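Visitor: Listed below are the residues making up each chain.
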Amino acid sequence: MEYIIILIAAVFVNNIVLSQFLGICPFLGVSKKVSTSIGMSGAVLFVMTIATLVTYLLHQYILVPAGLDYLRTISFILVIAALVQMVEIMLKKVSPPLYQALGVFLPLITTNCAVLGVAILALGLENVSLLKAVFFAIANSIGFALAMILFSSIREHLELANIPEGMKGVPINLLVAGLLSLAFLGFTGLV
Amino acid sequence: MATAINQKQNFLKGIIKENPVFVMLLGMCPTLGVTSSAMNGLGMGIATLFVLLMSNIVVSLIKSQIPSKVRIPAFIIIIASFVTIVEMVLEAFIPFLYEQLGIFIPLIVVNCLILGRAEAFASKHNLLSSIIDALGMGIGFVIALTVLGATREILGSGSIFDIKFVSENANTFILFILPPGAFIALAYLAALFNRISIPTK
Numbered sequence: 031m032e033y034i035i036i037l038i039a040a041v042f043v044n045n046i047v048l049s050q051f052l053g054i055c056p057f058l059g060v061s062k063k064v065s066t067s068i069g070m071s072g073a074v075l076f077v078m079t080i081a082t083l084v085t086y087l088l089h090q091y092i093l094v095p096a097g098l099d100y101l102r103t104i105s106f107i108l109v110i111a112a113l114v115q116m117v118e119i120m121l122k123k124v125s126p127p128l129y130q131a132l133g134v135f136l137p138l139i140t141t142n143c144a145v146l147g148v149a150i151l152a153l154g155l156e157n158v159s160l161l162k163a164v165f166f167a168i169a170n171s172i173g174f175a176l177a178m179i180l181f182s183s184i185r186e187h188l189e190l191a192n193i194p195e196g197m198k199g200v201p202i203n204l205l206v207a208g209l210l211s212l213a214f215l216g217f218t219g220l221v
Numbered sequence: 102m103a104t105a106i107n108q109k110q111n112f113l114k115g116i117i118k119e120n121p122v123f124v125m126l127l128g129m130c131p132t133l134g135v136t137s138s139a140m141n142g143l144g145m146g147i148a149t150l151f152v153l154l155m156s157n158i159v160v161s162l163i164k165s166q167i168p169s170k171v172r173i174p175a176f177i178i179i180i181a182s183f184v185t186i187v188e189m190v191l192e193a194f195i196p197f198l199y200e201q202l203g204i205f206i207p208l209i210v211v212n213c214l215i216l217g218r219a220e221a222f223a224s225k226h227n228l229l230s231s232i233i234d235a236l237g238m239g240i241g242f243v244i245a246l247t248v249l250g251a252t253r254e255i256l257g258s259g260s261i262f263d264i265k266f267v268s269e270n271a272n273t274f275i276l277f278i279l280p281p282g283a284f285i286a287l288a289y290l291a292a293l294f295n296r297i298s299i300p301t302k
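Here the protein sequences come in this chain order: L and A.
Residue numbering for the first sequence follows my numbering, beginning at 31 and increasing consecutively.
Residue numbering for the second sequence follows my numbering, beginning at 102 and increasing consecutively.
Treat the hints loosely; a few may be bogus.
[Unchecked claim] Heads up, simulated DMTMM-like pairs for lysine to aspartate or glutamate below, C-alpha to C-alpha not over 20 Å straight-line:
hint, chain 1, residue 1, chain 2, residue 2
1, L, Lys63, L, Glu186
2, L, Lys198, A, Glu119
3, A, Lys170, A, Glu220
4, A, Lys109, A, Glu119
5, A, Lys170, L, Glu186
6, A, Lys164, A, Glu220
[Claimed, not checked] Simulated coverage check for chain L against chain A, where a stretch passes if three residues somewhere in it have a Cβ under 8 Å from a Cβ of chain A:
hint, segment
7, 46 to 56
8, 95 to 102
9, 142 to 149
In short, the hints are calculated from the structure, not lab data.
Predicted, not measured: the structure shown is a model, and the values here were computed from it.
Every residue, glycine too, gets a C-beta built ideally from N, C-alpha and C.
If we strip away everything but chain A, and leave its shape as in the complex, we get (with noise of 0.2 Å):
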């Protein structure tokens, strides 16, 4: 059944039609949390590809070895020793994102989207759709992040990736880096994905 899977299909998935964060609302914490510009959506997008791909490989090759009755257990401690590696990581070489998304690092193990994956997908299918499964959630993951935090820092700050394009004193929707904005605006996009993808359906 496995290799039956159409390995295309099940890449664009996590990208379109089960997008963790605009379709499926996995994740939502740092989503909402750590998007307040373009570069940190991005490291925390990029950041959380790496766990979920690792700890869906780690799954997928050990999957028969653990006993279903203690399964979630093993799957968070594999997660978070993946996490305290990219927590040390970025603390050593990016202090300066390290210090931006702050408690949401730690926070990555109990982000639903990679539990859910290694749950729902690496612990059922081979190695290869593992993989690539990881890499569509993930991509969609980083994208959607990017796309939230870009919108926020546009509108909120008048950059983007730290560009500014308006003058120093210009007047900017400050209400979007504050903590009301990333609901609003994850509520326009979501809309605005919705439109988009029904009709496709």
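Looking at chain L on its own, in the form it has when it is part of the complex (with noise of 0.2 Å):
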């Protein structure tokens, strides 16, 4: 139950990108096309996944024993810079079509502020434990994934739409992020 409440709460009441914030810069950067943002999102549920249960360990055993808590700004970044080119390097080898799929995303996911947040986040949990920090990272990146998802499609349909001169490009693109978070802003008080 406590699981279905954290997936409920990750994906619709508190949304990573629509309501948190986290992610902009992918999420307006590369929403163009519903395929390209698919890609994305399943780079970050894979990058995410891996970052927070890495991240999670090092902070649990290393950290906090050491006394070195005002490190962890420090060291997360850290392991996901390294985590994200060894994924890369590991992807190439074993899953080549895999490699296709996500290669492009994987270096921008390095300073995506959902992968860093989410990691620090999920130390903030209730009772946390391991297996929570990860459920907490899977349910959030299928947020940001069903965010992305929703606004790309959005904007797919826009390059038809006639648009005032000054609205072009970003404001309008803002305006349709502002509606969908509105949207989501129904679900408070979900759970």
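Got two chains here, separate frames each, mind docking them using the hints?
Guide: Okay, here's the thing in structure tokens:
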């Protein structure tokens, strides 16, 4: 039950992109086509889950016992950067088709604040355990994928719309994101 | 080449022509996430300005020592060190702001604005130009965040810098301090900025 609540909260109520504002750069940057946003979501799911797993272990078994809690930010970002690089190299060898699909998005993920954000937020969960932290990461990446795919489908339609000169480009995209976020606001109070 | 840069132009480009938020769309997460009031926007802007300035200085000073293959990780470590400093200083001296900004303080590390300036500017230019570039970009960022924060605060809570100018039980557009308001307010500010800056080009 607790896990279902985490899932619903992360996907709908506190959607990572639309209400927590993490991962806005890929959300606005690579959402022009549905296919690229699916690729990006896959890469995020992959990296976010592994990153949260590793940073949780690092925090629980190295930083906290050694009293080095203040090194959290610097050590997490290093781990994530190294991890992304490693995942890239491994994918290239182990599964070329998956690398083909996710390859271009992987380097972008190092500076995706959603990954670092979720790794830090997971530590603040109630009665956090390894399983819960990893599940939290998966739930959040599903939320990311949902927002990303919805937004890119709307943007594909916008290509054909007649938009006032001043609103073209960035402003109209932000406005669409705002309306999407407004729709998600309707889920408030669900859990 | 470095000395040929017009320093005044170098400073001003960050504020208007290449404004990090309204034009280049860098650092959008903190821009949208913390600007529910003018004070938060200003605080976040100044924290980012500090990190940007220090990392530009350090990167510019040691750029010849960093092998180009590992330059990105090296930049990230430099940035992360300064973010840790900011985090500890805020927690110790301005706990109120530390609470308000929350997760977005450690996330300054992944603010693309800072890494972007280190990579695109500080690693190629001398110390003085890098400092001026950081100041221009940083102040452009502070202005953008404060304006967005103030807009949302005025519309959403009927106050500015926590000074209320409507009566206690007046109806305000609460939407603007909620998450959707961030997107909508920024959309119109960006449109306005487009409108103002395009004819001057």
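Visitor: If a hint holds in the structure, say so; if it doesn't, say that too.
Guide: Verification of the hints:
no., hint, verdict
1, L:Lys63 to L:Glu186, "holds, 6 Å"
2, L:Lys198 to A:Glu119, "holds, 18 Å"
3, A:Lys170 to A:Glu220, "holds, 12 Å"
4, A:Lys109 to A:Glu119, "holds, 14 Å"
5, A:Lys170 to L:Glu186, "violated, 38 Å"
6, A:Lys164 to A:Glu220, "holds, 10 Å"
7, 46 to 56, "holds (count 8)"
8, 95 to 102, "holds (count 3)"
9, 142 to 149, "holds (count 4)"
When each numbered hint is compared with the structure, a violation occurs for hint 5 only.
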